[in-house]
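Build out the structure end to end from the sequences listed, making use of the hints.
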Amino acid sequence: MEVLKENAYQHYLIINGISYHYGTILKEKLASFSASPIKNSLGHKNFESIINDLKTLKLIKETDTHYSLLGYDGIREKKAKAINAIESITIAHFHEWARNIGLISYDSAKFDSDFSRYQFCMVAPSYIKSLVSRPGERIVPAFVLADIVLKRDITETDVQFIIKKLENISMQNQSAKFIPFLLVGTHNSDIYHILKSNGIVVGNIDELFGKKYSDTLFGIFNLMENAGAILRKDPEKYIKLIENIEKLAIGKTYNLKGDLFEMAVGLFHGQQCQSLDISKRIIQDAKEVEIDVYALYQDRVVFSECKGYNYPIDDDYIEEWLSKKIPVVKKWALSCDSLNGKKLEFEIWCTGGFSEQSVNRLSKAQQTTRKYSIEYYNLAKMRSAAKEKRIIHFEKIIKTYYTKEA
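Position 298 (the sequence shown) corresponds to 325 in my numbering; numbering is contiguous.
Rather than coming from a laboratory, the hints here were simulated on the basis of the structure. Hints are not guaranteed to be accurate.
Below, computed lysine-lysine pairings styled on DSBU-like, alpha-carbon distance capped at 35 angstroms [what the hints assert, rightly or not]:
hint, residue 1, residue 2
1, Lys-56, Lys-238
2, Lys-307, Lys-223
3, Lys-191, Lys-32
4, Lys-408, Lys-369
5, Lys-32, Lys-72
6, Lys-105, Lys-85
7, Lys-416, Lys-105
Ranges between beta-carbon positions, derived for each pair [said to hold, decoys possible]:
hint, residue 1, residue 2, range
8, Lys-314, Gln-384, 49 to 55 angstroms
9, Asn-34, Gln-384, 33 to 39 angstroms
10, Ser-365, Gln-199, 53 to 59 angstroms
11, His-214, Thr-395, 57 to 63 angstroms
Just so it is clear, CB atoms sit at the ideal spot from N, CA and C, and this is done for glycine as well.
This is the structure we're talking about:
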């Protein structure tokens, strides 16, 4: 890393961006945490070229959805998913705040988008009178740019990506008018000084949205990281978190209930099973698959697909789940000695229900499958199952948090 830091700083910042996200990050997000242009820019190697360099050097790997560090023992997939979720929630909330006070044009923001060839988490035009320019009869807006670094214990290196991006933009386009924000979770005065001395507005989430907001946000992080243990041993913590999310409207501008629906299904199984895992990733025949809920019972193992939608699952999705995902998971399960002799059960839960065609396909699969069982749950069936098993918490969550828009 020190060699990259001294000789290839653009490469180093990308590695640091992935490392900051616990070793793996969604592909569409990474460019925002780099100082590399996503379009060709004189004097600077573009983002795609640097990614190719890092792959050639075998420092990172690329899948359909993620970039991950190779040879890095710090990859924490649940933490990575959790930090992505709370970053997305916070950016969405910042967008709502900025448009409500008139800082940005109401419905014009773009996310993970470019400004002057560089990518930011949010880009939005601002028509504040003192910021716009008027060449002739035309009004040219300024732009609000927002990036995010939410960890409490960040270092100077963790904020260099936005500093370098803005330096490059200012050198290449001196007429560009913008207001850069960095949303942070830290109260480190040294970090504040570095950002402010580089003309960056520090948006501390405690001060912008309140301490209860940030506490709930990091409660979401903790739940997503430790879901299996919490849902089995301390389900009240999940219930309280859901209530706080509702009170603070944290999920209003981001599909948080979709991310947390697998937790609700985990709550259902967690009150009955011997062990539980949420967002479990497996690899079989070089194919990586995520199991939303993995519940191990004495005589069976349950693999649950969870969709917190407010619309029905269509037939194409069900066809892919049956023909592509289930065979991979089934082969993996049969290769696990610890699962020998256990029945395999595959479930799909959707708060928005299922289309008529998808129900027909699922019913047919139920009737023709012999080596494992298939079950599907719409809202009515979820409530019925909760009553039958006497899982009151689950029934309450479904009724209060998912029925409203279903």
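Evaluation of the provided hints:
With a C-alpha separation of about 27 angstroms, the suggested pairing of Lys-56 with Lys-238 holds against the 35 angstroms cut-off. For the given pair, Lys-307 sits about 41 angstroms from Lys-223 by alpha-carbon distance, which is inconsistent with the 35 angstroms threshold. Under the criterion of a C-alpha separation no larger than 35 angstroms, the hint pairing Lys-191 with Lys-32 is consistent with the structure, at around 14 angstroms. Distance hint between Lys-408 and Lys-369 is fulfilled; the C-alpha atoms sit about 25 angstroms from each other, no more than 35 angstroms.
Among the hinted pairs, Lys-32 with Lys-72 is consistent with the structure: their alpha-carbon atoms are about 16 angstroms apart, no more than 35 angstroms. At roughly 24 angstroms between alpha-carbon atoms, Lys-105 and Lys-85 fall within 35 angstroms of each other, so this suggested pair holds. Restraint check for Lys-416 and Lys-105: satisfied, since their Cα atoms lie roughly 29 angstroms apart, inside the 35 angstroms limit. At about 26 angstroms, the beta-carbon gap between Lys-314 and Gln-384 misses the expected band of 49 to 55 angstroms.
Our hint of 33 to 39 angstroms for Asn-34 and Gln-384 is violated, since their Cβ atoms are close to 57 angstroms apart. In this structure the supplied range 53 to 59 angstroms holds for Ser-365 paired with Gln-199, their Cβ-Cβ distance being about 57 angstroms. In this structure the hint that His-214 and Thr-395 lie 57 to 63 angstroms apart at CB holds, the actual value being about 60 angstroms.
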